[in-house]
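**Q** Residues per chain are reported as follows:
Number of protein chains: 2
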Amino acid sequence: MESELIRYLRRRLPPHPLLKLGPGDDAAVISMAGVAECVLTVDMLMDRVDFRVGEVDPKRIGRKSLAVNLSDLAAMAAEPLAGVVALALPRSGGMDLAVNLYEGLIPLAERYALAVAGGDTNSWDGPLVISITLLGRVGPKGPLLRSGARPGDWILVTGEFGGSILGHHFDFEPRLAEARLLNERYTLHAGIDVSDGLSIDLARLCQESGCGALVRTADMPISEAAGKWAAQVSDGSTPLDHALGDGEDFELILAVPPEEAARILADQPLQTPITHIGECIDEAGLWATDDRLGKIRLAARGYEHELN
Amino acid sequence: MESELIRYLRRRLPPHPLLKLGPGDDAAVISMAGVAECVLTVDMLMDRVDFRVGEVDPKRIGRKSLAVNLSDLAAMAAEPLAGVVALALPRSGGMDLAVNLYEGLIPLAERYALAVAGGDTNSWDGPLVISITLLGRVGPKGPLLRSGARPGDWILVTGEFGGSILGHHFDFEPRLAEARLLNERYTLHAGIDVSDGLSIDLARLCQESGCGALVRTADMPISEAAGKWAAQVSDGSTPLDHALGDGEDFELILAVPPEEAARILADQPLQTPITHIGECIDEAGLWATDDRLGKIRLAARGYEHELN
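Residue numbers (numbering that gives the first Met the number 0), protein chains in the order written: chain S, 0 to 307; chain R, 0 to 307.
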């Protein structure tokens with residue numbers, strides 16, 4: 000029952016200095032002292048779309064559901080404050096499932112000092128749905144937006160891309176610390192996290208900024224998993240195709256003025272490598288280039304929820 | 000497609016002074032200047048649990064989904080600031096459905112000056128799920144909690160109860176203005192909104208406050224709909240039973256010190272009547288009394304999501 004889950008949460012959740020009132024009332028109460036602007040983001044994950052209940056440890060599902068939301072805060076160079084969790088649970092085994100989802104997400108919340116403030120727990124005859132909403136704060140430079148890229152900016156990415164479905168999409172670490180470090184130490188023009196696919200998310204950043212992008216495919220950091228997945232799928236797609244379109248890498252794409260970008264590349268201030276994969280250009284759309292091909296149109300590929 | 004819905008929202012949503020950045024980036028940006036404490040609440044509604052897609056205008060579904068969340072803010076005597084909407088849409092007809100949901104909720108958001116800040120739009124093979132998260136601010140007295148009731152407090156309720164399923168559960172007005180007026184003008188000890196059932200929600204308030212309640216059933220404000228619904232169901236339940244257990248009335252239950260309560264009852268400062276239905280008592284649990292029965296145990300009835 001819902002009240003049983005609230006009792007569990009009250010026992011289980013660590014106290015948090017920002018949380019004036021946690022789960023169990025009609026709303027949570029959060030201290031916002033010194034917060035002039037906040038960011039608010041929600042991501043909903045569903046059984047058979049984002050994971051498969053029964054095929055994976057529910058703790059990993061819970062962790063992923065929070066991690067994708069934290070990745071959205073990273074994309075804004077924001078710091079987590081508090082979050083609420085809404086669940087639609089299948090009737091049978093729902094309580095166990097709920098506890099395991101929370102057991103998966105609470106350690107990640109603690110790691111990033113996020114106050115789990117409560118939520119809404121429901122049961123129904125449908126599959127599992129998890130919707131997490133996070134509240135964050137931005138640093139003195141304000142939020143990092145998708146819309147600030149300018150032609151000439153270098154396109155930098157963290158980490159490697161492709162084949163996330165082989166495990167990374169559950170186990171990735173949201174780039175919160177990386178985004179904040181880069182945003183504090185350097186001048187960044189725009190940023191986005193790669194949830195749906197490097198090419199489609201880069202296209203979104205460009206569209207919001209009113210520019211295009213030229214990607215040097217030879218410089219793309221392609222993960223080992225992209226190669227493995229290409230071999231498994233075996234539909235003719237190359238590891239590069241997978242790196243450009245698989246999605247759920249949850250790495251950062253950044254548009255950075257050239258001198259700053261050069262400084263970042265020389266410094267390599269993160270544990271994970273930062274790679275220069277191309278430039279923002281005047282011409283709209285996505286373009287690829289390599290030593291052989293010259294410049295060709297690049298398809299913006301990745302996961303999109305189709306509505307008919 | 001999701002991007003089409005974002006274009007629609009950008010055209011459709013009115014500008015809002017608190018909204019520094021609306022739909023389309025990784026998160027929305029909201030001004031929190033002068034907000035020392037905020038409240039955060041989420042409610043998830045599901046097809047076949049909270050409404051039936053295909054049997055009711057989706058605009059009413061959208062309106063209800065926001066209204067139940069606003070009712071949670073009312074229960075805290077909080078003022079709406081901003082909200083985000085997460086949708087799991089059936090694949091077929093999803094875009095139309097999404098637009099109609101928004102067309103239903105946007106006028107209600109405007110009425111209460113709530114900034115619709117964005118959301119997350121998904122499609123899947125499952126039924127419609129709507130999860131709305133609201134951010135609110137509290138007045139100088141702080142939030143109204145469930146936990147402040149004291150033995151001796153009078154139990155006051157707004158409006159009438161029962162038979163909400165005949166239409167009120169879609170068309171109710173969240174008691175935002177009423178809660179704020181009462182909280183500003185009088186000393187209230189505790190409050191909750193009736194979502195699951197008057198008796199179960201009163202029991203929750205009492206449990207959080209460490210007291211019990213004695214309800215004078217003869218004084219219960221029973222709606223006309225409770226009578227109609229009792230006649231339709233015809234299972235022996237009386238209109239009073241329906242008033243105590245139907246739920247989705249979205250009225251307020253308040254625990255108020257006697258002298259303040261008497262003042263409220265004399266003033267009747269709202270458009271809707273305020274009724275004195277009983278008192279908080281030392282003894283735990285819910286009790287009923289009327290002229291004939293003396294004091295008897297009252298079942299805490301209402302909707303609960305059962306988790307097995």
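Please note that the accuracy of each hint is not assured.
Any copy, or any two copies together, can satisfy a pair, since identical chains are not distinguished.
[What the hints assert, rightly or not] Lysine to aspartate or glutamate pairs mimicking EDC-like chemistry, simulated, CA-CA at most 20 Å apart:
hint, residue 1, residue 2
1, K19, D95
2, K19, D124
3, K19, D290
4, K19, E207
5, K19, E78
6, K19, E172
7, K140, E1
8, K19, D281
9, K140, D240
10, K19, E109
11, K294, E207
12, K227, E303
To be clear, the hints were calculated from the coordinates, so they are not data collected in a lab.
**Q** Confirm or reject each hint.
**A** Evaluated hints:
1. K19 - D95: neither (28 Å within a copy, 40 Å between copies)
2. K19 - D124: Neither. Shortest intra-copy (35 Å) and inter-copy (39 Å) distances fail the 20 Å Cα cut-off.
3. K19 - D290: For K19 and D290, the Cα distance exceeds 20 Å both inside one copy (59 Å) and across copies (43 Å).
4. K19 - E207: between (37 Å within a copy, 16 Å between copies)
5. K19 - E78: both (19 Å within a copy, 17 Å between copies)
6. K19 - E172: neither (28 Å within a copy, 28 Å between copies)
7. K140 - E1: neither (41 Å within a copy, 30 Å between copies)
8. K19 - D281: neither (49 Å within a copy, 27 Å between copies)
9. K140 - D240: neither (36 Å within a copy, 58 Å between copies)
10. K19 - E109: within (17 Å within a copy, 29 Å between copies)
11. K294 - E207: neither (23 Å within a copy, 66 Å between copies)
12. K227 - E303: Cα proximity of K227 and E303: none, with 24 Å in one copy and 47 Å across.
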